[in-house]
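**Student:** Quick one: dock chain against chain with the hints and give me the complex.
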Amino acid sequence: MKTNGKVRRLGPVIAVLAALLVIAVFVSFLLGRYPISIGQAFGILADGLLNKLGLPGRVDVTWTGTQASLLLNHRLPRILLACLVGCCLSTAGAAYQGVFQNPMAAPDILGASSGAAFGAALAILLHLGSAMVVVMAFCGSMLTVLLVIYTGNHLRGKKAVGLILAGIMIGSLVSSGTSFIKLVADPENELPAITYWLMGSLNGTKPSDVLFALIPMVIGCVPLFLLRWRVNVLTMGDDECRTMGVNASRLRVTVILLATLITAASVSVSGTIGWIGLVIPHFSRRLVGNNYKKLMPVTMLFGALFLLLVDDVSRNLFTTEIPIGILTSVIGVPFFLYLISGEGDRL
Amino acid sequence: MSIRAEDIRFSYGDHDVLKGVSFEAQPGEFLSVLGPNGVGKSTLFRCLLGLLKPSAGRTLIDGRDTAQMSAAEMAHRIAYIPQSHAPVFNYTVEDMVLMGTTAGLGRFSSPGRAQRKLVGEVMEWLGIKDLADSGYQNISGGQRQMVLIARALAQQARILIMDEPSSSLDLGNRIRVMKTVKRLTGEGYTVIQSTHDPDQAFFYSDRILAMKDGQVLACGPAKDIVKDTIISELYGAEVEVYSLREDTVRVTLPAETHGHSKEE
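Quick note, the sequences are listed as chains R and H, same order. When we follow this note's numbering, the leftmost residue of the first sequence carries the number 1, and every step to the right adds one. When we follow this note's numbering, the leftmost residue of the second sequence carries the number 1001, and every step to the right adds one.
Hints in this document: simulated from the structure, not taken from any laboratory. The structure presented is a predicted model; accordingly, all values stated were derived computationally and were not measured. Among these hints, one or two may not hold up.
[As the list claims (entries may be wrong)] Restricting the straight-line Cα-Cα distance to at most 27 Å, the calculated cross-link-like pairs of lysine-lysine (DSSO-like) are: (1) Lys293/R with Lys1117/H; (2) Lys1227/H with Lys1182/H; (3) Lys1227/H with Lys1019/H; (4) Lys1129/H with Lys1179/H; (5) Lys1223/H with Lys1182/H; (6) Lys1019/H with Lys1223/H; (7) Lys159/R with Lys1053/H; (8) Lys1019/H with Lys1053/H; (9) Lys1129/H with Lys1182/H; (10) Lys158/R with Lys1053/H; (11) Lys1129/H with Lys293/R; (12) Lys1212/H with Lys1019/H; (13) Lys158/R with Lys1019/H; (14) Lys1179/H with Lys1227/H; (15) Lys159/R with Lys293/R.
[Said to hold, decoys possible] Selected chain R positions facing chain H (in silico; Cβ < 7 Å): (16) Gln101; (17) Trp229; (18) Asn232; (19) Asp239; (20) Arg242; (21) Thr243; (22) Gly245; (23) Val246; (24) Asn247; (25) Ser249; (26) Asn291; (27) Lys293.
All C-beta atoms, glycine included, are put in the ideal place defined by N, C-alpha and C.
With the rest of the complex left out, here is chain H (with noise of 0.2 Å):
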């Protein structure tokens, strides 16, 4: 499924937040958003997500207003993935995949076997099968986000909401997480992550939404946007972007390092 964002505007009281953001992200993309801290990225995925009404603007999902849509018919679509939290009690790890398929079920109705084969189905998918009796606050945060996804994709939706999925986590399960992330882009689902990391954001994701104040610095390939110019406009912090690896990798380091200077 592809989604697509037109001129989304959204105030907090007089305190405008979003001044008309568009992009567009295509089915087996990646698409970080990258941008400083209360940029109003959060807020922009909670458009996304009609968790929140944008005063101007609208989101298509597959050329279909999402307005228009019952909290139903957008779970089918589009899936919220938060970064690691605690919820205040204590499920099985089972138990909350098992939640995602919530939306295809009647009000009345409990997870029964299909849902519980589907769910096992995922879980073998991304090598949690032996967790699915582990109680959620007793595994790891890396454990933890790859149970979220798994939700995410019981959930049936071909779109993908991940908030930071990488900044709680250590470099090991980091890296279990982006390319389980990477995994699903090769399926065909849409994934849109945020980040502080421009380096992960180069290393993993085939685009880049650069966001300041509000609106759009700059939207494209990953490495037309993880460059010197942009990336210290976009922080307001001088820096320099080396490359490593013929071009897989960018580092994004301050522009004077103690006792290091950019051999060119």
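Chain R on its own, in the form it takes in the complex (with noise of 0.2 Å):
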């Protein structure tokens, strides 16, 4: 019999998915035109893992200063960054398709990543620093998504409905004002700035990024999973969801706030990263089915892991750093064509 809803065990995906995402990890420590080999990776890891837990000095050095700050300041944060956004980009696209019944639902469906622009726009304009431009992406970010549900939920007629159209709205309305900010930005410095965060890029990635966005991932992401069980329910409509004995309003909300918190979370610190929030949920959904007991976790790895692997190539593949922005709409239009010409499961 044609089983077109998916009962691929679950256990198996998720053992495949974590051991890819394991070795992809190692494999990013050792990629760069700063040669590390795994050896010296495994050293320094070590070796800055025992000092920090008070054993300084059990490790042989075999690296040198340089190395083991480049392995430790900027490939490990970054590293960890990608997986982090991949993830919550990608939870957040899964919950927003079910919150909003719409298997197009991305992330920024809301506004969360104009949002997101228009506060690092003002930030960089008002040359307020680099730590201010990810806290008033945050910020700005939060603030939106809060208008469009304020609006949403006082539009006549079906509550999901009205909230689409009010992300739209403010989401354009914000978009405009980051228009503007370009505008009058000074086109030497200003404006290539603006322009670069909005490419999206994880270049530069400090410590204090992946700090800064890890707490509000963390929030947002540990109750969405614990929840993802009644966000099949919410799928079969308000009114069904509530005889279920779920109250399908209070959850909607829940979630699309928790989502949000994790979508701004991410383009804070990364700048629009676009389709993987889309693509990813969609691929997990013909690995594992569409119950998101299953595809909660299937999407967090799975997120994680596709991220990691496009950022190895933005950053090695030329000697210039291509914005992973780009890459992953480069890799995720066709990737994702594919995916709903595909035969059998509609969307």
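**Tutor:** Okay, here's the thing in structure tokens:
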């Protein structure tokens, strides 16, 4: 019998993805123009860890200070952030798709990305420094989505449709604000900085960026993971959801706020990275089906793996780094076209 | 469980949809709600299910006012079986039925072995066990309706509200679904369905609630409702009701059919 609902076992899929992710992380430590061998990489990491634990000098030093600093202050945070951002954007995409019963929903559906772009552009224009760019992007993103939720709830008709409409309108309003900032920005230094930020990049990731993003990411991802079964019920529509004993509007707002939190945390440190929030959940649906109980963990791991690999390409393919946002589109669009042109399962 | 609606009123803006509807249904009873389109059947159901708050009146389940119950408490008592529909995402049949167990789970839990066992038994009982791994979007309308019934049973509610369960089905599936509903009332479930078909309502249900203009036109045993006078008034069209098979079947026909006349 044709089983298009997908009942593939979760365990093996998770095991394969987790193994690939671990391998990808270690390979990523070695990639880059400045060579570091496997032995050195393990040594630096072990030494760094033991130092943190107050046990210095237990490992024979086979590396230079430059190598250690490069690995611990540049490659490690960048690898971690790629995994975190990939995981969060994919999770948020899957969550929004469920909440809006819309397979085309992506993390920026409620204007999270436009808001972050506006905040970041404003911070660059006002020369507030790189730390404030992150903070302003985060605040811009959260404020925009809160405004969208407030407006959407006051529109007539179906709540989910109202929210999407409000998201389109306010997102476009905020984007014109960003365009205005670009217009008045100094074309010598501010404008290129804004443009580069908008393309999305993990270049120049600092350990502090990881820490800043980590807290909201954990606060958002853990409850989203725990609530994942209920998202299934929400996709049945508000009435059915309610008659099955789940308060639909409360669950929707909770999931939206959590998904927005992790989206805002991601875009504030990485800029706008498109497509991943749409493509990864769909690929995961192909792997294990639509049940969020299985879909969530697979989406999280797969998103982390995907963005890490794309970032490796982004920093190693050419001598000049390609912004990761451009790459995710170049890879994501054909990939998505392939997915939706596939036989059987409709979107 | 028994359900009792007392003088339920509801308006959308200044349009009064329900102007005081009262009725009662006992365990094991199959009640059909008949009436023309837009008469407020769906609104009545939405009030019973707690999806709409009536402007006046109340619903009692085993004597307890449903307005005082949480969504989960309601779900354990009364379940909604919509018309077979197509959700956006293609879930497996088993996942669809498992969703019915949600009200009994903790907020952060997913169904486990106990729920899967219950769902397995329910699907076995309804004869849809072999569909468990199929995609809900890939099965027929009749099978979907059975899955939605299974979901309501997995919810372990004893009162089932069915929205036109047979209207979009072909004859074979209609018979299978209605047979199942009769089995359910035999097990002591209270079933309330809306339908457009007086003959179907007569054949299967115990009592009929005839609704017109947001009010109860008549309510009583099926044989007292499916009659020329009431059905004609209910739908605003002259009809004649014929009796067949020792009055186990009644057939409603337009009053002046071409080439036929009532033989009496």
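**Student:** Evaluate each hint against the coordinates.
**Tutor:** Comparing the hints with the structure gives:
1. Lys293/R with Lys1117/H: Holds - the C-alpha atoms of Lys1117/H and Lys293/R are around 18 Å apart, at most 27 Å.
2. Lys1227/H with Lys1182/H: holds, 23 Å
3. Lys1227/H with Lys1019/H: holds, 24 Å
4. Lys1129/H with Lys1179/H: holds, 18 Å
5. Lys1223/H with Lys1182/H: With Cα atoms ~18 Å apart, Lys1223/H and Lys1182/H stay inside 27 Å; holds.
6. Lys1019/H with Lys1223/H: holds, 26 Å
7. Lys159/R with Lys1053/H: Given that 27 Å is the threshold and the Cα spacing comes to 18 Å, the pair holds.
8. Lys1019/H with Lys1053/H: holds, 14 Å
9. Lys1129/H with Lys1182/H: holds, 20 Å
10. Lys158/R with Lys1053/H: Answer holds: Lys158/R to Lys1053/H is near 17 Å, not above 27 Å.
11. Lys1129/H with Lys293/R: At roughly 21 Å apart (the allowed maximum being 27 Å), Lys293/R and Lys1129/H satisfy the hint.
12. Lys1212/H with Lys1019/H: holds, 10 Å
13. Lys158/R with Lys1019/H: Since the Cα atoms of Lys158/R and Lys1019/H sit roughly 26 Å apart, the hinted pair holds (cutoff 27 Å).
14. Lys1179/H with Lys1227/H: Holds. Lys1179/H to Lys1227/H sits at ~24 Å (cutoff 27 Å).
15. Lys159/R with Lys293/R: This hinted pair holds, its Cα atoms lying about 25 Å apart.
16. Gln101: Holds. Min distance 5 Å.
17. Trp229: holds, 4 Å
18. Asn232: Since the shortest Cβ distance to chain H is 6 Å, the answer is holds.
19. Asp239: holds, 5 Å
20. Arg242: holds, 6 Å
21. Thr243: With a closest approach of 4 Å, the Thr243/R hint holds.
22. Gly245: holds, 3 Å
23. Val246: holds, 6 Å
24. Asn247: holds, 5 Å
25. Ser249: violated, 11 Å
26. Asn291: Holds, because the Cβ-Cβ distance from Asn291/R to chain H comes to roughly 5 Å (cut-off 7 Å).
27. Lys293: Where the cut-off is 7 Å and the nearest Cβ of chain H is about 5 Å from Lys293/R, the hint holds.
Checked against the numbered hints listed earlier, the structure breaks hint 25 alone; every other hint is satisfied.
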